[in-house]
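Single-letter residue listing:
There are 2 protein chains.
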Amino acid sequence: MQRPLILVTNDDGSAAPGIRALVEVAKELGDVIVVAPDSPQSGKGHAITIDDPIRFHAIDIFGEIEAYECSGTPVDCVKIAKHVVLKDRKPDLCVSGINHGSNAAINIIYSGTLSAAMEASLEGIPSIGFSLLDYSFSADFEPAKPYIKHLMSYILENGLEHGSLLNVNIPALPYEDIKGLKVCRQADARWVEEFQEALDPRGQKYYWLTGKFVNEDEGDDTDVWALDNNYISVVPSMHDLTNYKALDTLKEVEAVTIES
Amino acid sequence: MQRPLILVTNDDGSAAPGIRALVEVAKELGDVIVVAPDSPQSGKGHAITIDDPIRFHAIDIFGEIEAYECSGTPVDCVKIAKHVVLKDRKPDLCVSGINHGSNAAINIIYSGTLSAAMEASLEGIPSIGFSLLDYSFSADFEPAKPYIKHLMSYILENGLEHGSLLNVNIPALPYEDIKGLKVCRQADARWVEEFQEALDPRGQKYYWLTGKFVNEDEGDDTDVWALDNNYISVVPSMHDLTNYKALDTLKEVEAVTIES
Chain E
1 MQRPLILVTN
11 DDGSAAPGIR
21 ALVEVAKELG
31 DVIVVAPDSP
41 QSGKGHAITI
51 DDPIRFHAID
61 IFGEIEAYEC
71 SGTPVDCVKI
81 AKHVVLKDRK
91 PDLCVSGINH
101 GSNAAINIIY
111 SGTLSAAMEA
121 SLEGIPSIGF
131 SLLDYSFSAD
141 FEPAKPYIKH
151 LMSYILENGL
161 EHGSLLNVNI
171 PALPYEDIKG
181 LKVCRQADAR
191 WVEEFQEALD
201 PRGQKYYWLT
211 GKFVNEDEGD
221 DTDVWALDNN
231 YISVVPSMHD
241 LTNYKALDTL
251 KEVEAVTIES
Chain R
1 MQRPLILVTN
11 DDGSAAPGIR
21 ALVEVAKELG
31 DVIVVAPDSP
41 QSGKGHAITI
51 DDPIRFHAID
61 IFGEIEAYEC
71 SGTPVDCVKI
81 AKHVVLKDRK
91 PDLCVSGINH
101 GSNAAINIIY
111 SGTLSAAMEA
121 SLEGIPSIGF
131 SLLDYSFSAD
141 FEPAKPYIKH
151 LMSYILENGL
161 EHGSLLNVNI
171 PALPYEDIKG
181 LKVCRQADAR
191 WVEEFQEALD
201 PRGQKYYWLT
211 GKFVNEDEGD
221 DTDVWALDNN
231 YISVVPSMHD
241 LTNYKALDTL
251 KEVEAVTIES
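Protein sequence lines, in the order shown, are assigned to chains E and R. Numbering follows my numbering, with no gaps: position 101 of the first sequence is 101. Numbering follows my numbering, with no gaps: position 62 of the second sequence is 62.
Calculated from the structure, these hints are not laboratory results. Hints are not guaranteed to be accurate.
Same chains, same names: a pair is fine if it fits in one copy or spans any two.
[As the list claims (entries may be wrong)] Derived PhoX-like pairs: lysine-lysine, alpha-carbon spacing no greater than 25 Å straight-line:
| # | residue 1 | residue 2 |
| --- | --- | --- |
| 1 | Lys145 | Lys245 |
| 2 | Lys27 | Lys87 |
| 3 | Lys149 | Lys179 |
| 4 | Lys212 | Lys90 |
| 5 | Lys251 | Lys145 |
| 6 | Lys251 | Lys212 |
| 7 | Lys149 | Lys27 |
Quantities reported herein were computed from a predicted structural model and do not represent experimental measurements.
Using the sequences plus the hints, can you model the full thing?
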């Protein structure tokens with residue numbers, strides 16, 4: 001039997017420990033190809049590079065694994081992987097991460113990790129974005145590995161609806177404290193932000209974004225609830241942003257004659 | 001009666017004709033504040049600037065209108081507007097655009113214009129992203145203005161569900177050929193892409209993204225259908241990416257005991 005082809009990417013860059021952990025799991029399940037950004041790309045959302053050229057080259061930091069570093073965003077990496085690196089070879093699965101830090105709730109729309117997974121899903125490749133709730137480079141990815149392997153095996157076997165992806169967040173806990181997997185919806189949580197103001201050496205003002213994550217969603221069926229209760233959250237996600245519930249009420253806006 | 005406060009932004013940059021057209025409509029309806037990127041930011045999606053400082057300064061290219069130019073992405077512009085420029089003044093409406101080019105269908109997730117509108121919606125500000133299907137800087141925004149005014153008035157009067165925004169796309173047609181407004185869903189269309197390969201003066205390869213928009217969604221209730229049939233498309237949109245239909249079938253993934 002042919003081994004499945006697994007495309008691995010991330011947004012923390014090719015040198016981040018998180019992607020190394022993901023490659024270690026992926027190579028137990030299939031043939032792996034890595035196309036990752038050559039610099040940290042956190043918070044890049046679904047950005048693509050339109051007005052600049054993109055460059056990429058082979059790297060050998062993953063041992064025997066075929067791997068490339070790309071100058072673009074995480075979404076660019078997936079596009080370069082599909083159109084330039086893989087061409088006629090279609091991956092059976094794309095995994096992105098393991099991100100250093102949470103991508104639960106609203107973080108999915110800011111996250112390069114999840115945007116890369118979404119881009120793969122748009123190309124009909126089942127995909128999963130993995131994140132560990134520990135921002136540090138010394139984060140311990142070991143407790144998460146059996147769960148990551150289980151989810152990758154499950155999707156390789158069962159597939160995912162066209163255009164779907166999974167947003168998987170993992171609490172930063174010892175293995176014995178993780179209660180298991182919880183399939184859930186995206187919490188309606190948000191960032192309460194401010195900007196730190198400072199002066200540069202020439203006396204000009206500049207601003208740094210800073211903020212605090214706040215969950216006002218009291219549901220016990222959300223990813224934030226699952227994580228707070230020591231579960232790994234699994235949110236089936238998609239790219240259709242239509243607010244279907246609003247379609248009917250909004251219809252009245254059509255029924256107006258406008259004079260030029 | 002106090003005039004409403006309208007925040008205007010875009011992704012083509014403060015000097016683009018599209019934002020000037022939008023400001024002209026907005027100032028008929030309320031007090032206007034502009035916070036726009038200082039450079040073109042097309043394709044930036046929901047990117048935010050985390051690892052660099054952000055700068056902004058007042059500009060006077062909109063006559064009497066209070067206006068600022070910001071070094072960040074469109075989403076950064078909305079955050080700077082809220083936290084640094086407006087502070088306690090909460091806008092009654094945020095409008096983004098008028099984008100030079102379509103943001104129908106899947107373009108919503110790549111679009112800086114729509115991401116700025118979505119960021120405002122996350123802050124509880126009703127918001128609308130406007131796009132004209134003409135990429136040129138000499139595009140004619142006049143035929144669209146009465147419709148844009150109508151939609152802005154409607155939302156100022158009726159509000160929008162918390163977390164919702166409108167994605168409005170306008171065909172590039174003379175006024176008399178526009179059939180009206182159509183409330184619809186996001187078409188399941190996509191980009192078929194490739195990369196142009198070339199050599200730089202030092203003999204190094206580089207790649208430019210290029211692509212063709214393809215609609216395989218045959219529904220007559222989509223934004224692409226509306227635009228193809230000379231309507232202005234109005235898609236109520238939101239930030240919840242949960243694929244609710246997939247929640248139940250995926251539940252079985254939870255029911256596995258994993259050995260460490």
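To see whether the hints hold, each was checked on the structure:
In this assembly of identical chains, the alpha carbons of Lys145 and Lys245 never lie at most 25 Å apart, being 38 Å within a copy and 28 Å across copies at closest. Proximity of Lys27 and Lys87 under a CA criterion of 25 Å is satisfied intra-copy only: 21 Å inside one chain copy versus 51 Å between copies. Taking the closest pair of Cα atoms, Lys149 and Lys179 come within 25 Å of each other only inside a single copy of the chain (16 Å); across copies the shortest separation is 53 Å, beyond that limit. When the C-alpha separation of Lys212 and Lys90 is checked against a cutoff of 25 Å, the pair qualifies only between copies, where the shortest distance is 20 Å, while the shortest distance within a copy is 40 Å.
In this assembly of identical chains, Lys251 and Lys145 lie within 25 Å of each other by CA distance solely across copies; the values are 20 Å between and 48 Å within a copy. In the homo-oligomer, the alpha carbons of Lys251 and Lys212 never lie at most 25 Å apart, since the shortest distance is 37 Å inside one protomer and 31 Å across protomers. For the homomeric pair Lys149 and Lys27, the shortest alpha-carbon distance inside one copy (10 Å) is at most 25 Å, but the shortest distance between copies (56 Å) is not.
Checked against the numbered hints above, the structure violates hints 1, 6; every other hint is satisfied.
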